[in-house]
Amino acid sequence: MMNLYGDRGNVISIQKRCEWRGVSVEVTDVRLGESIRPTECDIFLFGGGQDREQALLADDLSGSKGADLRSISSEGGVVLGVCGGYQLMGSHYETADGEKLPGVGVFDLHTEPRKPEEARLIGNVLVRVPLEDGSHREILGFENHGGRTRLGEGAEPLGRIVSGFGNNGEDGTEGARKMNTYGTYLHGSLLPKNPWFTDRLIETAIRRADDTFTLEPLDDETENTAFESVAGRVRRG
Amino acid sequence: MNKTLENARLSVAILAARSAMLASRALRTGGGSTMPGVVSRRVDPKVLTKLSKRLPGGAAAITGTNGKTTTARMVSHILRTANMKAVNNSTGANLVTGVTAALVADSDFSGKPRSDTALFEVDEASVPKVAAEAELKLLAVLNLFRDQLDRYGELAYLGKIIASSFDDLPPDGSVVLNADDPLVASLGRQARKAIYFGVEDHSLDMGRLQHVADSKSCPVCGTDLVYEAVYLGHVGLYDCPNCDFTRPEATYRATDIRFDGAKGTSLRLSTPSGETEMKVRLPGLYNAYNALAAAVVAMEMGVALEDVKGGIESFGGAFGRVERIQAGDKEAFLLLIKNPVGFNEILRTFVAGEGSGASHVLIAINDNDADGRDVSWLWDVDFEMLADSGDVREPFTVSGIRAGDMAVRLKYADLPVGSVIPDREKAIKSALEATPSGETLYVLPTYTAMLEIRRTLSDLGHTHPFWEE
Chain P
1 MMNLYGDRGN VISIQKRCEW RGVSVEVTDV RLGESIRPTE CDIFLFGGGQ
51 DREQALLADD LSGSKGADLR SISSEGGVVL GVCGGYQLMG SHYETADGEK
101 LPGVGVFDLH TEPRKPEEAR LIGNVLVRVP LEDGSHREIL GFENHGGRTR
151 LGEGAEPLGR IVSGFGNNGE DGTEGARKMN TYGTYLHGSL LPKNPWFTDR
201 LIETAIRRAD DTFTLEPLDD ETENTAFESV AGRVRRG
Chain D
238 MNKTLENARL SVAILAARSA MLASRALRTG GGSTMPGVVS RRVDPKVLTK
288 LSKRLPGGAA AITGTNGKTT TARMVSHILR TANMKAVNNS TGANLVTGVT
338 AALVADSDFS GKPRSDTALF EVDEASVPKV AAEAELKLLA VLNLFRDQLD
388 RYGELAYLGK IIASSFDDLP PDGSVVLNAD DPLVASLGRQ ARKAIYFGVE
438 DHSLDMGRLQ HVADSKSCPV CGTDLVYEAV YLGHVGLYDC PNCDFTRPEA
488 TYRATDIRFD GAKGTSLRLS TPSGETEMKV RLPGLYNAYN ALAAAVVAME
538 MGVALEDVKG GIESFGGAFG RVERIQAGDK EAFLLLIKNP VGFNEILRTF
588 VAGEGSGASH VLIAINDNDA DGRDVSWLWD VDFEMLADSG DVREPFTVSG
638 IRAGDMAVRL KYADLPVGSV IPDREKAIKS ALEATPSGET LYVLPTYTAM
688 LEIRRTLSDL GHTHPFWEE
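As given, the protein sequences belong to chains P and D, one line each in that order.
Every letter in the first sequence is one number past the one before it in the working numbering, and letter 141, counting from 1, is 141.
Every letter in the second sequence is one number past the one before it in the working numbering, and letter 108, counting from 1, is 345.
The set of hints was computed from the structure by calculation and includes no laboratory data.
For each residue, glycine too, the CB sits at the ideal point set by N, CA and C.
Please note that a few of the clues may not be correct.
Taking CB as the label site, the calculated pair distances span [what the hints assert, rightly or not]:
#	chain 1	residue 1	chain 2	residue 2	range
1	D	Ser-626	P	Glu-216	28 to 34 Å
2	P	Ser-24	D	Glu-465	45 to 51 Å
3	D	Ser-626	P	Arg-128	55 to 61 Å
Some but not every residue of chain P turned toward chain D, in silico, with C-beta under 7 Å [stated by the list, open to error]:
#	residue
4	Ile-12
5	Lys-16
6	His-92
7	His-187
8	Asp-220
9	Asn-224
10	Ala-226
Pairs of lysine to aspartate or glutamate residues, derived as DMTMM-like cross-links and limited to a Cα-Cα distance of at most 20 Å, are as follows [as the list claims (entries may be wrong)]:
#	chain 1	residue 1	chain 2	residue 2
11	D	Lys-648	P	Glu-19
12	P	Lys-16	D	Glu-550
13	P	Lys-16	D	Asp-625
14	D	Lys-648	P	Asp-220
15	D	Lys-453	P	Glu-34
16	D	Lys-453	P	Asp-60
Next up, chain D with everything else stripped away, as it sits in the complex (with noise of 0.2 Å):
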């Protein structure tokens, strides 16, 4: 086909993609992010190789259960600190279309995308489609756990998958690695580039593998991993007894990591570049390795060390996943769980331990497909750790379409049970109701529950729909 014709091709499906949008707004049907997407690969299916392929500093992808948006978002602000114009997909549409809705948002009529770089938070199972279709200069794999299970079968099988994308990647293209998370770094074997990150900080070390081990078993020979040090999880500084596989030796490291709570996490960057000292304003352990990836793709990008330094700085969060709301004398603290590790993470960094001063906790658990269908997941969580701190103050209000379940599991693990309340709107309000003026009420909502109590938190006055961001 001529090229005049392609051209115009794209330009109808960029018109299409717009009309969909504004109808979809102003119908306040809320599919505003992947709608443009369809539309417009049904009209030009070419239309991510295309516009991907303008962008002059082409295309980096971030994949893995945990930290995706928040990753891709640094990585966008680090990048604007650095006068670099990146589009990307943010609200948390990371299938082929909402990638593509993206870039058709980004690009004017004639196809030519405004910025500079693209930056996508892909979805794990996603990523061999987004790979065959956009250029991809970087693939950062940030980590595999047990989340939706229900949806993809098997961990190891979602490695397979996500390795087969490597050849698709141009001959300069890299892929980017957790050193740290076993099966993800056993990626590295197939890929033409691999780059690694990991964090070296032995005082991190749980002692023992938390109850939620995915994947402690070696990637390619099955014998248990000997661990000197586990971080989350099944991550860590590990070494297979038996065969040749082994942590790969990390080229970004993370080292002398201090927590400060709620407040964020101090660490120091090394990089083939340097050295630098650097704030994390975002709580945990979690983050900080969210901020070690978005620095190594970065610079794996072209930014230099200080803007790195500086984006990394002054980023505040990502939508949804960290999250405060001021509503009226008191405030919302809403902390997105997705799976155990996370949930974990969130216990360890906000309710339990000293100076955590979480007293008022709302725990909001739905088994809609987005939020994974299978609640066994909330046994693997140590709510019994919680208990043996003595850290928990006031009972846990419990909602959600498993309130029930909820219920049972704090009951299994001798912590009080307060109020059972179902309903997500009348438990919010609820709990709001019981927290005291000046105080924070920490809200930990599965994804669609969170979606809820958001709205309802919107109606009272307190945020706007997340549409509108």
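If we strip away everything but chain P, and leave its shape as in the complex, we get (with noise of 0.2 Å):
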């Protein structure tokens, strides 16, 4: 697994949920200036920062990580970027100082800063993420953002908003997704708060090796009752 400036909860999850399946993890940290190892690695979780690092970010991501990610991205790997790595992973990114970012261009999106009259997009989210079979599950967890997310055309997002603002406050949207890799304004952390969608990543990238793989259910009571003790309070309102 390669954790790209990321988030500490969503790496343990991942962790603990393998260990506890008796599959080993090896956790590679990737800092600024550092490349990614595309084929090494299983599961890359892209995190970001404040307005100033985005900025050292974007730079670092200009060039052969930025490439490495979105071929990664396109042949099915397992991908999670979170708030300010989300953003970076669109076609662009402007700060609230004007500066105008390139982003990797994985999905077809880009971050507008704030206006002045406008606030800042802070609290609890649950969001209505729709599987392949047509059913639907909830994802849970924190937003605190300034930007606002603008989809493209060809995006698709991660899910709807059942309470919390998403993207931008508007349009309902939460997130982006495009094969195995999704974006995401949601931490909290995400992953621990969500062990289904946690697995869901682990499965997928192990299939990708062994496609005939299953995960082994855990005991997931201690997660679900924090879960559900916080969605019941977020859908009362």
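Got two chains here, separate frames each, mind docking them using the hints?
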């Protein structure tokens, strides 16, 4: 698993849920100026930072690192971008100071800064995520972003907002998805709160090497209780 | 406007504030610490400026993510020891209204403060407003950690906000800065006069940056800083390998730090007017920093080194931050949790390691505005280090609105999860019951959970409501 400036809760969640099933995990942190090794990793986590760091990251991603991410994504690799990482996976990102930073271009979307009269979008979020078989499942998280993300024509959202703001607080969409690449504003942390989604990333990643692989179920009572107590409160508004 | 009229307006403002204070006490609304400020400011918007200018010794403000209350209380205590009378906003009312309320309460109806000086703890985002209105001789910035990101957005921005107030200090005003916190130290580049303090003790080196490192890149050029020693979070001895930014030389230094668990810490204090050994009777490195900052502020206000030592050594603790409450034949030890760095420090001091002795632990996590609504910071707390230490004797009891998230966090650190009791009242009662006679229950609550737990303890007859303090 490769961790680019990612959220620690997400890293731990994948690590433990693999470990508890006897799947060994190695985590590699990729820092500024270091290259991604596309063939050596199965899951790529991509976090983000404050405006100043976003500029450094955008610069860092403008070369081979960005190109690697694009090819990993287009070949069906498992990538999760959260918040600042998600924003940089679009075509471009504009900072609060008006600086236009180029994105990796995995998703057809861009992010604009909030207007002076607009507030940051902050709070618990509940999202309905459509699955391949036509059913839906929910993910829960916390968002805190000033930027407004607008999806382009060809972009598919990760899900629809049940409660919260999502991409821009206006069109009811949250995040983006393309094959096995996901982008979202939800942290808080995302994966520990939503074990089914964590398992989906793990299973997809392992199935790329072994298509008969299935994950053994775990006892998720602690996680489910935590999810329900917050989701219930969020639904009640 | 003429002066008589201005003074009359001030008197009416103080009178109105007094009535508001009495009313709120009588009605037990609990807003007694800010309401008089709101009321008096409405009557006389210049009330803070007028009163602060009448303080013979001037006013000082203390800000930062961690330790504001403790440090301000320490300075007040030192000043009292040195026979100077200081007013402060001691109940955690740290916005401009709370600061105003404190000064109003200290003044007679003619608008004359009874105290010689004022010591304010000020919320980071409120610094510009307070500095613009109150005449501050000193402004101390203790540290800037990722604490309530959902309130302020970004740390670097917060630094900018604080630095924007430097121009409002009077010509003889100084800024006191923590040299060991890179972001805080970098603010000195925008100050007319900056005084730096820092800890110099390589034995405190954690050997690596804790996971919560907030500001590990150079605040000037963005390059990763190189650390010679990391004390906690991003605080330590650092240097930028790329630009001219480096840890400023500290004129006030703490060295030879020796921890003695819950009993406190001893250290050697070096100042421009001499050196001394002293004991801080509050636990952990955090409080060593608070004592150091308090020493700087007190000495810059004219207190002699012996009085600083005497004051710090006789200081017992600030409300709610670290508090021991006798509960029958047991004891409850309350340690406020504000952010991952503070949480790590508490775990390191009380739970892990030799001589720590915390067996019975209750953690209570709320997500109200005052606690921070985003609980993702729980993942930045190093519970893994605790699991590795093997020092957890009994499973923790978990409580609070986000008890579920806390339980998940413990599970993923391979720590045993004890009872999960979201209701704070039930949790503290049950945890106290499970604590054997003669032993101590360690209670680790976020802010609003702490208020709730204190209220329950008070209802059980173990303490008094805080506003009566």
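Here is how each hint holds up against the structure:
| no. | hint | in the structure |
| --- | --- | --- |
| 1 | D:Ser-626 / P:Glu-216: 28 to 34 Å | holds (31 Å) |
| 2 | P:Ser-24 / D:Glu-465: 45 to 51 Å | violated (35 Å) |
| 3 | D:Ser-626 / P:Arg-128: 55 to 61 Å | violated (42 Å) |
| 4 | Ile-12 | holds (5 Å) |
| 5 | Lys-16 | holds (5 Å) |
| 6 | His-92 | violated (20 Å) |
| 7 | His-187 | holds (5 Å) |
| 8 | Asp-220 | violated (10 Å) |
| 9 | Asn-224 | violated (9 Å) |
| 10 | Ala-226 | holds (3 Å) |
| 11 | D:Lys-648 / P:Glu-19 | holds (13 Å) |
| 12 | P:Lys-16 / D:Glu-550 | violated (46 Å) |
| 13 | P:Lys-16 / D:Asp-625 | holds (15 Å) |
| 14 | D:Lys-648 / P:Asp-220 | holds (10 Å) |
| 15 | D:Lys-453 / P:Glu-34 | holds (17 Å) |
| 16 | D:Lys-453 / P:Asp-60 | holds (17 Å) |
Hint compliance for this structure: hints 2, 3, 6, 8, 9, 12 are not met, and every other hint is.
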